[in-house]
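K.L.:
Work out the full structure, taking the sequences as your base and the hints as a guide.
There are 2 protein chains.
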Amino acid sequence: MKTRVHVTLKNGVLDPQGKAIHHALETLGFDGVNDVRQGKLIELDLDENVTDAEIEDMCRKLLANMVIEDFEIEKEAA
Amino acid sequence: MKTRVHVTLKNGVLDPQGKAIHHALETLGFDGVNDVRQGKLIELDLDENVTDAEIEDMCRKLLANMVIEDFEIEKEAA
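Keeping their order, the protein sequence lines are chains W and B. Under the numbering used here, the first residue of the first sequence carries the number 1006, and numbering increases by one thereafter. Under the numbering used here, the first residue of the second sequence carries the number 1006, and numbering increases by one thereafter.
Keep in mind that the hints were calculated from the coordinates and are not lab data. The structure displayed is predicted, hence computed values, not measured ones.
When chains are identical, the list treats them as one kind, so a pair holds in a single copy or across two.
Using 30 Å as the maximum straight-line C-alpha spacing, the simulated DSS-like pairs for lysine-lysine come out as follows: (1) K1045 - K1007; (2) K1045 - K1024; (3) K1015 - K1080; (4) K1080 - K1007.
P.N.:
Set out below in structure tokens:
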């Protein structure tokens, strides 16, 4: 079972990497970019018997730093 | 317009960061994890007049390293 976890910085947390990308896009001549935020994408290949609660547990314990980050779990069709 | 870009390593490209996460999950006692790959998630806030071709151009020129990475553009409802 393929599962994607999106880890994003919470609103209000500074994102220097996103700012750098934003600046680079402007330098390259791309207009119309208002904001850029960089997060992490973690793709898990899990056994079918892994429950949603376990996946959430993985996120809370390891994949995301809950102080500054949010996560979102997206399960793909098997 | 919110747009998400998923940047993932191409198949066959070694992913030590993913391996480290996989190992850490096992150490924490999570079973049933077959594979982990780590990618990047870039959230763009764009003007409405930015075309799909321009977003693809941003990916090819800056956001993804086309030699080792693939990208996927996901537009969110305005």
